[in-house]
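A.B. asks: Residues per chain are reported as follows:
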Amino acid sequence: MEPIRRIESRSVALPIANIDTDQIIPARFLTTTTREGLGRHAFHDWRWLPDGSPNPEFALNRPEHAGASILVAGHNFGCGSSREHAPWALVDAGIRCVISTAIADIFRNNALKNGLVAIVVSARVHASLLERAGERLAIDLTHERIEREDGSAIPFAIDPFARDCLLAGVDELGWLIARRPQIEAFEERRAWNA
Amino acid sequence: MEALTLFEKLWRRHEVIPAEGGRPAVLYVDLHLIHEVTSPQAFAMLDARGIPVARPERTLATIDHSTPTGAPDLDGERPWANPATRAQVETLLANCRRHGIAVHGWDSPHRGIVHVMAPELGHTLPGMTIVCGDSHTSTHGAFGALAFGIGSTEVAHVLATQCLLKRKPRTLAVHVEGRLAPGVTAKDLALHVIGVVGVDGGTGHVIEFRGSAIRALSMEGRMTLCNLSIEMGAPAGLVAPDATTIEWLRGRPAAPVGEDFETAARDWLSLASDPGCRYDREVHIDAGAVRPSVTWGTDPGKVVPIDGRIPVEAGATAAKALAYMGFAPGAAIAGQPVDVVFIGSCTNARLPDLRDAAAVLRGHRIHPRVRMLVVPGSEAVKRAAEAEGLDAVFRAAGAEWREPGCSMCIGMNGDIARPGELVVSTSNRNFEGRQGPGVRTVLASPATAAASALAGAIAAAPSPAEEAA
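Residue numbers (our numbering), protein chains in the order written: chain U, 66 to 259; chain R, 4 to 472.
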C-alpha cells in the first residue's frame, strides 16, 4: 500500500443520514471474486439513471465536483453490511476520505484497511463543513487535522494503530503474523470451552 | 469479587495480547464461518503472501448468498442468475478443498444460510468468539457467544492467524421486562427495539438483551433478536446462556456429548452477567407495550405498529425515504397494496417462523396479485417443514416453496422484485434497492407477512383470540 500522509481536494456534500452499504454498492455487484474495478458501481443507483446515463442531480456527477476525493456525508455513514466492496468501490471511484458525525463500525474498520480515511467530527464542525461544501480541504493525517480554505484547522482523532499503518503504508496482517508465537502459546495454555 | 458482564467474560477468555499504547487487543477466534461472497478476496490475500490457513479445523464454509433457490432441472443444472454467481460458489469450493476446510456444498444435507446452519449443527456454542464476513453474524450472540461481522481483509487475518486486532467495544444493556402479548413475536420486539434505540444507537457497543421477556424467548426468537443488533449499529448482540440454551444444544451433532456436555453446560451458565455489573449504557423496554410492527421507510429504524400511521417527520432523510416508498405522511400503514411477500433470511427462516406463516395461510389462498416466496433457512429446516406438511400449506395457498439460501433478502441470486413493487419481507434490511432496483421493502414478522399475502395489502395477522373464535 502507498503511504498516506495528506489528502487535498475540494469537499463534496452528501447530507443524507444513514447512507447504507447497499447505496454505496448494491448487492448485485458483489458477484465478483476480486477487489478491482468496483468504482463504477459506487453509489450506482443514485449515480446512474436506469438507462445508464449519469444522474445530473447526484452531487458526485456535478461538473464542479469532478475529481473531488473528500466526502462530507450525513450521520451514520456506511451502516448495514460488512461488505468490504463498499470502501473498495469508493476508493476506486477516487474517494479518499469520508467525514461524518458517525460512521458505522464495520465500514470504518474496512475503510481504514483500504486507505480510505474515515473521520468522525462533532455536529457543529459537520454543519460548518456542509455549509461550505465545495471548499478546498487538506486532510493532514500526520497531525490529525483538517485544514480549511480560510486557513483554520480542525483537529480530529482516528484509531492510532490504523493511522500508523496508513502513514507507513503497511497492512496489519504482517504485524499479526509476527505474533504467531504468542498466538500458539495462547492456544496451548487455554482451557478449551468445548 | 469483581462483577463482570457477559461480554467482559467472553472478551477476557479470548484476549491473546491486551491492547497497549495505541494498539488494539489481539482477540482469538474460536469459529470462523465463511461463504462465497466475502471470502475469495481473502484467500487471494493469503495466496499473494504464500501463507496457509492457520486453523482449517476452526473454519466452516457454506454456500448461501448467490445460490439459486429454484430447483435443479432434470440434468441437475441449477438456475444460476449469471455465470459470476456460479464462479463465486465454485471458487469457494475450490478454496476449501485446497485448504482442507469443511464445506457444506450442494451435496451436504446441512447446507443453508450460514447463520441458520451453524447453530443448527451445534457449531455455535456459548462462550465462543465467532466471526464471519457477514454483518448478521450477530445472530450467534443468542447463544452467549461473542459474534460479529468482519470485512474481507479481516477474513484474511483470521484465516492466516485465527486472530483479529480488535478494539474493545462498550456495552449497552437492553432490558426487556414483562410479557409479550399473544401474537407479538421476537421480530416485532426487535423492530420495536430498533425504533427506540435507533439505527445508530448501538454503534461502538455490544448489546446484551436481558430481562424476563428475553428469558421467555425461544432460541429461534433470540436469534431473530440478536440478528437485528447490527441494524442498531451494534456489531454484536448477546443473550446469556440459560436452561433454554442448554436444552436446545443438547444432542446437536457438533456439540459436546455425555459428561463433556454437562461440564460445558455448567461453564456456560457461569457466563451470565454478574449481579451488580456495570454497563456503559442501559435502555428499558416494556414488553407489554410492544405491538406487531412493520417498517415504513428505507432504514430499519423507521418502525410503526401495524395499526399505526406513517409519521410526519421533518428533514431531508425522512422526505427521501417517503418519496422512495411512495407513502404519504399521516396515512395508515395497513392497507398499502402489496406485490410480493418474502418469507426467509437469516432473520426469519427457521422452523417456528415457517410454522407462524403457515398457521395464517392454512386453508386460504393468497391474493391473486401477490407473488409469495417461502425460502427455508437450511436443508434441515426444509426437511423438518416438509415432514410437518408446511410445504403443502404454502403450495396450497399459492406460494412458491423454494430451495434454502439468502434469496430475496439480498437478491444476489436473481430472486428480486420489479422496480416499484412493494415487498413485505421477513428479512432484515429495507434499504433502497435491497430487493432489486427501485423495489420497496417493508420489514415484518412471518405472521404479518403471511396475512399481507392473503389481503394483498399490509395487514395484521388475526390475533390468537380471533383465531380461536
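Because the hints were derived from the structure by calculation, they are not lab data. Every residue gets a Cβ at the ideal spot worked out from N, C-alpha and C, and that includes glycine. Treat the hints with care, since some could be wrong.
[What the hints assert, rightly or not] Now the in silico label distances, taken between C-beta atoms and shown as ranges: (1) U/197 to R/170: 27 to 35 Å; (2) R/100 to U/132: 26 to 34 Å; (3) R/4 to U/201: 51 to 59 Å; (4) R/218 to U/197: 48 to 56 Å; (5) U/104 to R/170: 41 to 49 Å; (6) U/70 to R/85: 35 to 43 Å; (7) R/59 to U/131: 19 to 27 Å; (8) U/222 to R/262: 23 to 31 Å; (9) R/281 to U/220: 50 to 58 Å; (10) R/100 to U/245: 22 to 30 Å; (11) R/170 to U/67: 46 to 54 Å.
[To be verified] Covered stretches of chain U (chain R as the covering partner; in silico rule of three or more C-beta atoms under 8 Å from a C-beta of chain R): (12) 86 to 92; (13) 129 to 139; (14) 158 to 170; (15) 180 to 189; (16) 232 to 238; (17) 241 to 252.
A.B. asks: Has the hinted range 46 to 54 Å been met by the Cβ atoms of residue 170 of chain R and residue 67 of chain U?
C.D. replies: Given about 25 Å between the Cβ atoms, the range is violated.
A.B. asks: Against chain R, does the segment 241 to 252 of chain U show at least 3 residues with beta-carbon separation below 8 Å?
C.D. replies: Result for this restraint: holds, n = 8.
A.B. asks: Is the hinted range of 26 to 34 Å satisfied by the C-beta distance from residue 100 of chain R to residue 132 of chain U?
C.D. replies: About 45 Å separates the Cβ atoms of residue 100 of chain R and residue 132 of chain U, which means 26 to 34 Å is violated.
A.B. asks: Does the segment 232 to 238 of chain U contain three or more residues whose Cβ lies closer than 8 Å to a Cβ of chain R?
C.D. replies: holds (count 3)
A.B. asks: Within 23 to 31 Å or not, the Cβ separation of residue 222 of chain U and residue 262 of chain R?
C.D. replies: violated, 51 Å
A.B. asks: Counting residues of the segment 86 to 92 of chain U with a beta carbon closer than 8 Å to any beta carbon of chain R, are there 3 or more?
C.D. replies: holds (count 4)
A.B. asks: For the hint 51 to 59 Å, verify it against the beta carbon of residue 4 of chain R and that of residue 201 of chain U.
C.D. replies: The hinted range 51 to 59 Å holds for residue 4 of chain R and residue 201 of chain U, with Cβ atoms some 58 Å apart.
A.B. asks: Go check the segment 180 to 189 of chain U versus chain R for me, would you? Three or more residues, Cβ under 8 Å, otherwise it fails.
C.D. replies: violated (count 0)
A.B. asks: Apply the coverage criterion to the segment 129 to 139 of chain U and chain R: a residue qualifies when its Cβ sits closer than 8 Å to a Cβ of the chain, and three qualifying residues are needed.
C.D. replies: Answer violated; 1 residues pass the 8 Å Cβ test.
A.B. asks: Examine the segment 158 to 170 of chain U: at least three residues should have C-beta closer than 8 Å to a C-beta of chain R.
C.D. replies: holds (count 3)
A.B. asks: Check the following: the C-beta atoms of residue 197 of chain U and residue 170 of chain R are separated by a distance inside 27 to 35 Å.
C.D. replies: 32 Å Cβ-Cβ, so the 27 to 35 Å window holds.
A.B. asks: Could you say whether the range 22 to 30 Å given as a hint is met by the Cβ separation of residue 100 of chain R and residue 245 of chain U?
C.D. replies: holds, 25 Å
The structure fails to meet hints 2, 5, 7, 8, 9, 11, 13 and 15 from the earlier list, while all remaining hints are met.
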